[in-house]
Amino acid sequence: MSIKIENLVYKYMIGTPFEKTAIDDVSLEIKDGEFIGLIGHTGSGKSTLIQQLNGLLKPTSGKIYIDGEDITSKDINLKKIRQKVGLVFQYPEYQLFEETIFKDVAFGPQNLGLSDDEILKRVRRALEIVGIDFEKYKDKSPFDLSGGQRRRIAIAGILAMEPKILILDEPTAGLDPKGRDEILEEIRKLHKEYNNTVILVSHSMEDVAKLVDRLIVMYKGKNILTGTPREVFMEIETLEKIGLAVPQVTYLVRELRKRGINIREDIITVKEAQDEILRLLRRDKND
Amino acid sequence: MIKDITIGQYLPGNSFVHKLDPRVKIWLSFIYIIILFIVNKYSGYIFIAAFTLITILVSKIPIKYLFKGLKPILWIIIFTAVLNAILTPGITIYKIGPVNITDKGVYLAVFMVLRLIFLIVGTSILTLTTSPIALTDGIERLLNPFKRIGVPAHELAMMMTIALRFIPTLLDETDKIMKAQMARGADFETGNIINRAKSLIPILVPLFISSFRRADELALAMEARCYRGGKGRSRLKQLKIEGRDYVAITFTILLMIISIVSRRWSI
Ligand SMILES: Nc1ncnc2c1ncn2[C@@H]1O[C@H](COP(=O)(O)OP(=O)(O)OP(=O)(O)O)[C@@H](O)[C@H]1O
Ligand SMILES: [Mg+2]
Numbered sequence: 249m250s251i252k253i254e255n256l257v258y259k260y261m262i263g264t265p266f267e268k269t270a271i272d273d274v275s276l277e278i279k280d281g282e283f284i285g286l287i288g289h290t291g292s293g294k295s296t297l298i299q300q301l302n303g304l305l306k307p308t309s310g311k312i313y314i315d316g317e318d319i320t321s322k323d324i325n326l327k328k329i330r331q332k333v334g335l336v337f338q339y340p341e342y343q344l345f346e347e348t349i350f351k352d353v354a355f356g357p358q359n360l361g362l363s364d365d366e367i368l369k370r371v372r373r374a375l376e377i378v379g380i381d382f383e384k385y386k387d388k389s390p391f392d393l394s395g396g397q398r399r400r401i402a403i404a405g406i407l408a409m410e411p412k413i414l415i416l417d418e419p420t421a422g423l424d425p426k427g428r429d430e431i432l433e434e435i436r437k438l439h440k441e442y443n444n445t446v447i448l449v450s451h452s453m454e455d456v457a458k459l460v461d462r463l464i465v466m467y468k469g470k471n472i473l474t475g476t477p478r479e480v481f482m483e484i485e486t487l488e489k490i491g492l493a494v495p496q497v498t499y500l501v502r503e504l505r506k507r508g509i510n511i512r513e514d515i516i517t518v519k520e521a522q523d524e525i526l527r528l529l530r531r532d533k534n535d
Numbered sequence: 009m010i011k012d013i014t015i016g017q018y019l020p021g022n023s024f025v026h027k028l029d030p031r032v033k034i035w036l037s038f039i040y041i042i043i044l045f046i047v048n049k050y051s052g053y054i055f056i057a058a059f060t061l062i063t064i065l066v067s068k069i070p071i072k073y074l075f076k077g078l079k080p081i082l083w084i085i086i087f088t089a090v091l092n093a094i095l096t097p098g099i100t101i102y103k104i105g106p107v108n109i110t111d112k113g114v115y116l117a118v119f120m121v122l123r124l125i126f127l128i129v130g131t132s133i134l135t136l137t138t139s140p141i142a143l144t145d146g147i148e149r150l151l152n153p154f155k156r157i158g159v160p161a162h163e164l165a166m167m168m169t170i171a172l173r174f175i176p177t178l179l180d181e182t183d184k185i186m187k188a189q190m191a192r193g194a195d196f197e198t199g200n201i202i203n204r205a206k207s208l209i210p211i212l213v214p215l216f217i218s219s220f221r222r223a224d225e226l227a228l229a230m231e232a233r234c235y236r237g238g239k240g241r242s243r244l245k246q247l248k249i250e251g252r253d254y255v256a257i258t259f260t261i262l263l264m265i266i267s268i269v270s271r272r273w274s275i
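Residue numbers (our numbering), protein chains in the order written: chain R, 249 to 535; chain V, 9 to 275.
The shape of chain R in the complex, shown without the other chains (with noise of 0.2 Å):
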């Protein structure tokens, strides 16, 4: 499913002297199966930008097609939008509320109003793609485990829905490198099986640049870079100044490059350079 966004503004508090313009005319296109990665510094207007895109918001102008349907006009079934575009908040573990697993998964699929059989296949594929045994836990309280564990039951209960597009805010904040490795891996893995359309929000470089298709940067409400990881990573300057870091290792490139050394100027990941390093230090010792 695509999405196209024309113009978009929105504003917070309209009419009172704590106004904010949040989003400041953000036009974007995002293609059928793409991985789309979101990125900005803190207060940038992820979130307020994402959470237009299934309805939650209203945009204060602008207008917002989802597979050429659009989604800001008065007459919309809101329903329907939010089936096809599934939302992880920041944080999803502090919206679980059932006594059970299974029950906490199938609270979407049952608001889609599915039969039985199809919310337990549903809920049983859901958990499976976030790596949590069925059987085990189907019948526990989601509150007896962990908050990485509560995190992907939360995930699972939006795949629950087989959402066309996934959006995902955040969703490794606040976990250590093993659980954030585990959720960017089943994310990756979701997306190259079913091909849907993924929006991983993010303020780690490091993280989107070997999962995704393309970036898109907002800066103060404004989208101000788009294109491959590849492409934006060479934008260094821009990305300083508005507190983005690129990836470690493009500075180490950069580095090796001022001393001298003819490496490739265009790596974003570590596996990257190590091949890279690898092949000069090889040519070297044949030459």
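Honestly, I wouldn't trust all of these hints.
Unchecked claim - One-sided and incomplete, this derived list gives chain V residues near chain R with beta-carbon spacing under 8 Å:
no., residue
1, Pro70
2, Lys184
3, Ala188
4, Gln189
5, Met190
6, Ala191
7, Arg192
8, Gly193
9, Ile209
10, Pro210
11, Val213
12, Pro214
13, Ser218
Hints are computed from structural coordinates only; laboratory data are not their basis. Ideal placement from N, C-alpha and C gives every residue a C-beta, glycine not left out.
Given the structure of chain R, go ahead and fit chain V with the ligands onto it with the hints provided.
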């Protein structure tokens, strides 16, 4: 959506009114309310209106914002006015079917409306120009004399501070949880009463859990910093009555005198 509630809101600023001692502000607000009920002639209200307007202008609160706060109670005001107009006995000046509008009724209705509006505007100025911390500080100091008869002044003030501090946080949280459940297809607007009450469970359970967690964390954080209640506790900011406080007191007393005198005027 839920965050549009503005009652009790504080607008940070640096005006004359903002800088007044909170104790003085609380006292003067009391006196202002008493004045509203002393006045019984239209002429008296001209002075009250002038006084209120000058206070608003000095405090630099946007007038539009202040009157937006009146919107939620508009219906109460209208209701009061209508009841007063039709239920007060007196000489009938207008008749709609079985309902009589009397001269005394109209007179009372107008006064009720004026009193309500000035009451809300006046107390809003207090909360808009006083930070919650200063406000509770002021209340604690005003309650201090009653400690001897067993009023736990400090504890009450601390409870108020904490409650005020967490209102915006809880509103924020409610907003977030509501949105998160709506993203899962929850529906809070349609259905009969039972269904609607049921639909609140997905909001209330997470809200309670996080409130208890917050309370627990806060208690721990306070203990870790050796909080032991009010006894022997010194304060960072000493309240001091200064020149500007005397100016404000003088003007309010002037208004009080005028309003007492105005009771003898003809209109
Ligand atoms: N409910 C609200 N009321 C008023 N202002 C808000 C509200 N939510 C966000 N804002 C403001 O809008 C701006 C954008 O906020 P937003 O939450 O979209 O940023 P973000 O990019 O998601 O940041 P973070 O990385 O911290 O999650 C911020 O300046 C914020 O202060
Ligand atoms: Mg955010």
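Now the hints, each set against the structure:
1. Pro70: holds (6 Å)
2. Lys184: holds (7 Å)
3. Ala188: With a closest approach of 4 Å, the Ala188 (chain V) hint holds.
4. Gln189: holds (6 Å)
5. Met190: holds (6 Å)
6. Ala191: At about 4 Å, which falls below the 8 Å cut-off, the nearest Cβ of chain R leaves the hint on Ala191 (chain V) intact, so it holds.
7. Arg192: holds (4 Å)
8. Gly193: Interface hint status for Gly193 (chain V): holds (3 Å vs cutoff 8 Å).
9. Ile209: Holds, because the Cβ-Cβ distance from Ile209 (chain V) to chain R comes to roughly 7 Å (cut-off 8 Å).
10. Pro210: At about 5 Å, which falls below the 8 Å cut-off, the nearest Cβ of chain R leaves the hint on Pro210 (chain V) intact, so it holds.
11. Val213: holds (4 Å)
12. Pro214: holds (5 Å)
13. Ser218: holds (6 Å)
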